[in-house]
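Peer 1: Chains as they are written, first to last, in the working numbering: chain Z, 2 to 277; chain V, 36 to 398.
Simulated from the structure, these hints should not be mistaken for laboratory data.
Among the clues, some could well be false.
Unchecked claim - Partial list, derived from the structure: chain Z residues whose beta carbon lies under 7 Å from chain V: (1) Phe93; (2) Ile117; (3) Phe118.
To be verified - No farther apart than 35 Å at their CA atoms in a straight line, the calculated lysine-lysine pairs in the DSBU-like style are these: (4) V:Lys182 with Z:Lys223; (5) Z:Lys182 with Z:Lys235; (6) Z:Lys223 with Z:Lys197; (7) Z:Lys235 with Z:Lys223; (8) Z:Lys182 with Z:Lys223; (9) Z:Lys50 with V:Lys182.
A virtual CB, placed ideally from N, CA and C, is assigned to each residue, including glycine.
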Amino acid sequence: MTPPLLKLAGINKSFGPIDILHDINLEVRRGEVLCLLGDNGAGKSTLIKVLSGVHRPTTGSVELDGKAVAFESPRDASNHGIATVHQSGGTFPLMSVGRCFFVGAEPTKRWGPFAIFDRKTANEIAVRETRQLGITRIDDGNRLVGGLSGGERQALAIARAVYFGASVLILDEPTAALGVKEAAHVLRIILQARQKGIAVIFITHNVVHALTVGDHFAVLIKGAKAADFRKGDKSREEITDLMAGGEHMAQLEAEIEKYMASHDGHPPGSNSLQLN
Amino acid sequence: MTSKVLDQSTKAISQTDQEAIAPVTPQSSAPSLGALIRRPEMGSFIGMIAVFAFFSVFGGSNFMSLGGAASWLNVASELGIVALPVGLLMIAGYLDLSVGSVLPASSMTIAILAGHFHLPIIVGILASLGFGLAIGFINGVLVVRTKLPSFVVTLATLFAVAGLTLGLSVILTGSTSVALRSAPAAKLLLGDYIGGKFQVSIFWWIAVMAGVGFLLNFSRYGNWILAMGGDSISARNAGIPTDRLTIALFMASGMCAAFVGMSQAILYNSAQVAAGQSFIFNSIIAVVIGGVLLTGGYGSVVGIVLGTLTFSIVSQGIFYTGFDANWASLIIGVLLLLAVLMNNTFRTMALTYAPRKNAKARP
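All chains, please: the whole structure from these sequences, using the hints.
Peer 2: Take a look at the structure:
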């Protein structure tokens, strides 16, 4: 097995007296999708922020390609090849596709004494790169990003990260706000990124989506890693139980059984259900 | 269980693959009527045509004469030189109210130095432009460092500079109005009438249009400004030096306001402490009529120019009609509201636009 590209060892993060992350150890390799699962408030967002350079860990180390790194800023992290794509796509709704794709890295050409923004090249590359990810509806780089669907914006942001040479791609709930068909498209793009040898960290609370593309899974509960397993080790039900903390669902089932026992085997109706 | 899910997904994936390979004819870049309507300045263009038609009917031949054109072009040129950099700032997500006191302050600077103390005119010109740059720098640094809304910061500098101007003028000259006699060369370049009617500031306005237009549309900085106005955090993460860009934009608007103040002093051969307050709201009105989004991220130079022309035609055209000039503000108020509503409509059209041929090509 290849050595891990990104390795977290003993990461703790506290904000003042409040501990958010406890002793997180994770590894992700090139061409592998690591799914980070967890309920709301499990610490997924904080962990992403540590990885993308927004927060620095209180203790613990981040290793990239075997070397310890400490990111000063999100910019620093992206210079190290770590690209983060947020749910909104992190894009600018009122900018054109071509302009948005190259924000901060605009191609220029000489025009007399001036260096001018090469809109034609920018549009061509942006359209080509997104089309390579199977988004055929984007064929005009002058279109405004705000007119794209959620899945298309995700694709644009991922295409951008891949084009600028990301080696680690962090996707923060990319499928959460999408319909079934669009979500399938984004999952397909994740597999394409994996094929290119990119290490993908896929944050989601949709177990089906995670199982579809993941090679390696980590479940976070209350800021600690509750489980760490590879593809095929656990069933969907087991994972769902793990994410919800398990006991909540078990408690609900027990209460329903109790109700049925005391009501001649009738299940609780919509009006009579009173759970404690 | 897991493998079943995987099988389903790979099937779905191979289906989408075929869609991906489907050929798509490249979008023609020839300007079409539809593309024209989606331009951000469409609303302001219609507005300008409407007010021009209105005043050419009610203003009669005098409005249409050379003198009539000069009257609104002169007003437009001075307002336009201030409105263009203020518009850039608004696209970047900031407001600058301080132009209202930078303008008279730089008028007074050149008048006091060159008029009262008889220093060479070039010293006065450089000092007044330098003053504008300095106030812009202070605005920019305060906005960047304090993270306060630019509305509050520039409101503070608006009052501070106005007070400073009044106080220093009285101490230095004992008066709130100072006469200035300029060298002929300075007069010719900065404050004269061509053909007895057209101010030279019209040419300076055109120069600023070219400069700002280049910056926004053709240089990479235009992309930075749009991105910063759209989402400043994402813009910074993308490597844009947002702090330096903000300070530079405030300095540009300070310098342009100072330029107008300085050239007014040369044109009218005197400077007054209280001139220029009208530029605060007039510049914002011109920019907003021009289709710039008040919250940043969207706008165009053509739109700002059209907005400036619309404002000037209304404010000057009213004198050519039989109406009381007091009605001009009512017209501008209504026009502002209509223009913003119209701009919103056109912006929505631009956002919801999708190429037709692909909609057909999809199964």
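Peer 1: Could you run down the list of hints and mark each one as holding or not?
Peer 2: Status of each hint after checking the structure:
{"no.": "1", "hint": "Phe93", "in the structure": "3 Å, holds"}
{"no.": "2", "hint": "Ile117", "in the structure": "4 Å, holds"}
{"no.": "3", "hint": "Phe118", "in the structure": "5 Å, holds"}
{"no.": "4", "hint": "V:Lys182 with Z:Lys223", "in the structure": "34 Å, holds"}
{"no.": "5", "hint": "Z:Lys182 with Z:Lys235", "in the structure": "26 Å, holds"}
{"no.": "6", "hint": "Z:Lys223 with Z:Lys197", "in the structure": "34 Å, holds"}
{"no.": "7", "hint": "Z:Lys235 with Z:Lys223", "in the structure": "21 Å, holds"}
{"no.": "8", "hint": "Z:Lys182 with Z:Lys223", "in the structure": "32 Å, holds"}
{"no.": "9", "hint": "Z:Lys50 with V:Lys182", "in the structure": "22 Å, holds"}
In terms of the numbered hints stated before, the structure departs from none.
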